[in-house]
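Chemist: Please put together the full structure from these sequences, using the hints given.
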Amino acid sequence: MAAFHYLLTTLVVVGLSACETNPISGRSTLAIVSEESAQASSAKAYAQKIDVASRQGKLSSDAALNARVKGITDDLVVEAKRMHPPSRAWKWEVRVLDEPTINAWCMPGGKMAIYTGIIQKLSLTDDEIAQIMGHEIAHALLGHGRERMSRAVATSAGLALGSIVVGTDLTVFSPVADIALNLPNSREGESEADRYGVELAARAGYDPEAAVTLWKKMAATSKGSPPVFLSTHPSTDDRIEKLGALVPQMTPIYENARRAGPPGARPASSNVQKEQGKAGR
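According to our numbering, the residues represented by the sequence shown are 1 to 281, in order.
Don't read these hints as lab results, they were simulated from the structure.
Once the Cα atoms are required to be at most 30 Å apart in a straight line, the calculated DSSO-like pairs of lysine-lysine come out as:
id: 1; residue 1: Lys81; residue 2: Lys70
id: 2; residue 1: Lys121; residue 2: Lys70
id: 3; residue 1: Lys44; residue 2: Lys70
id: 4; residue 1: Lys81; residue 2: Lys91
id: 5; residue 1: Lys49; residue 2: Lys217
id: 6; residue 1: Lys70; residue 2: Lys242
id: 7; residue 1: Lys58; residue 2: Lys121
id: 8; residue 1: Lys121; residue 2: Lys217
id: 9; residue 1: Lys70; residue 2: Lys49
id: 10; residue 1: Lys242; residue 2: Lys81
id: 11; residue 1: Lys217; residue 2: Lys70
id: 12; residue 1: Lys49; residue 2: Lys81
id: 13; residue 1: Lys216; residue 2: Lys121
id: 14; residue 1: Lys242; residue 2: Lys121
id: 15; residue 1: Lys58; residue 2: Lys70
id: 16; residue 1: Lys58; residue 2: Lys44
id: 17; residue 1: Lys81; residue 2: Lys44
id: 18; residue 1: Lys58; residue 2: Lys91
id: 19; residue 1: Lys58; residue 2: Lys217
id: 20; residue 1: Lys91; residue 2: Lys70
id: 21; residue 1: Lys217; residue 2: Lys242
id: 22; residue 1: Lys242; residue 2: Lys216
id: 23; residue 1: Lys91; residue 2: Lys44
id: 24; residue 1: Lys91; residue 2: Lys49
id: 25; residue 1: Lys49; residue 2: Lys121
id: 26; residue 1: Lys58; residue 2: Lys216
id: 27; residue 1: Lys70; residue 2: Lys216
Modeler: Here is the structure:
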C-alpha cells in the first residue's frame with residue numbers, strides 16, 4: 001500500500017512538473033517521456049513493425065510508388081529540418097505498406113509509413129500525399145507522439161512509471177510506442193498539425209489547395225465505416241473550412257517555393273523562409 005501511495009504521489013508530481021513548451025507551436029505539453037526515450041522506443045517499435053510487414057509480404061514492392069513516396073517525403077524532410085533544427089539529427093525513414101488500410105503516420109524521430117490503401121482508394125496526387133505526410137511529420141515536430149506516449153505511460157501500470165522515474169531505459173517499453181500510435185490526438189493537436197502540415201508542404205513546393213481536396217476525399221470515404229486514419233484523426237465539421245482559410249495565407253510560400261526550385265537546392269535563407277515569416281504563427 002505504501003508503494004502504491006508513493007507511485008500515486010510520484011505521478012502527481014511528475015505530471016505537474018513534466019511539461020515543456022514546444023518551440024514551434026508555443027503550447028505547453030505533457031512530457032513525462034523524454035525526447036531521447038520517445039525516439040528510442042519508436043525506433044524499436046518501427047523496426048518490429050517493418051520486420052512483421054516484411055515477413056508477411058506487406059512491404060510495397062512497387063518501385064515506382066516507393067520512389068514517388070520517398071521523393072515527396074524527402075522534400076518535406078528538408079523543410080522539416082529547417083522548421084525544427086533538432087530534427088536534423090533524426091534518423092528519418094519512410095516505408096510504403098502494401099495494405100488496403102487508409103492510414104499514414106510518423107513516429108517521434110521521423111519513422112514514417114503510408115499505406116497503399118490511402119493512395120489507391122483516394123487516387124492521391126503528389127500534392128495530396130504531401131499534405132498527408134506533412135500533417136504526420138508536423139505531429140512529430142510538434143511533439144504530439146511524445147505527448148501521447150506520456151499519456152500512455154501516465155495511465156499505465158505503476159511499474160512503468162516507477163521505472164521511468166528511476167531512469168530505466170524506456171526502450172524496454174516499446175509497446176508504449178505502439179499504444180501511443182493508436183491513441184487519438186487532441187482536437188488542439190490536430191489543429192496544430194493541420195496548420196503546420198500545410199505550411200510544411202507549401203515550403204516544400206506542394207499546393208496548399210490539395211489539403212482541401214484531400215479532406216473532401218477523406219470525408220466522402222468516411223461515410224458509413226470510418227477508415228482507421230479518421231479514428232485517430234477526428235474530423236470536425238469546420239475542418240475543411242479552416243484548411244480552406246489557410247490557403248491564401250500559404251499560397252505565397254508555395255509560389256516562392258516553386259520559383260526557388262527543389263527544397264534540397266535552396267539556401268537556408270531563401271525567400272521561402274522569408275515568406276514563411278509573413279504567414280504568422
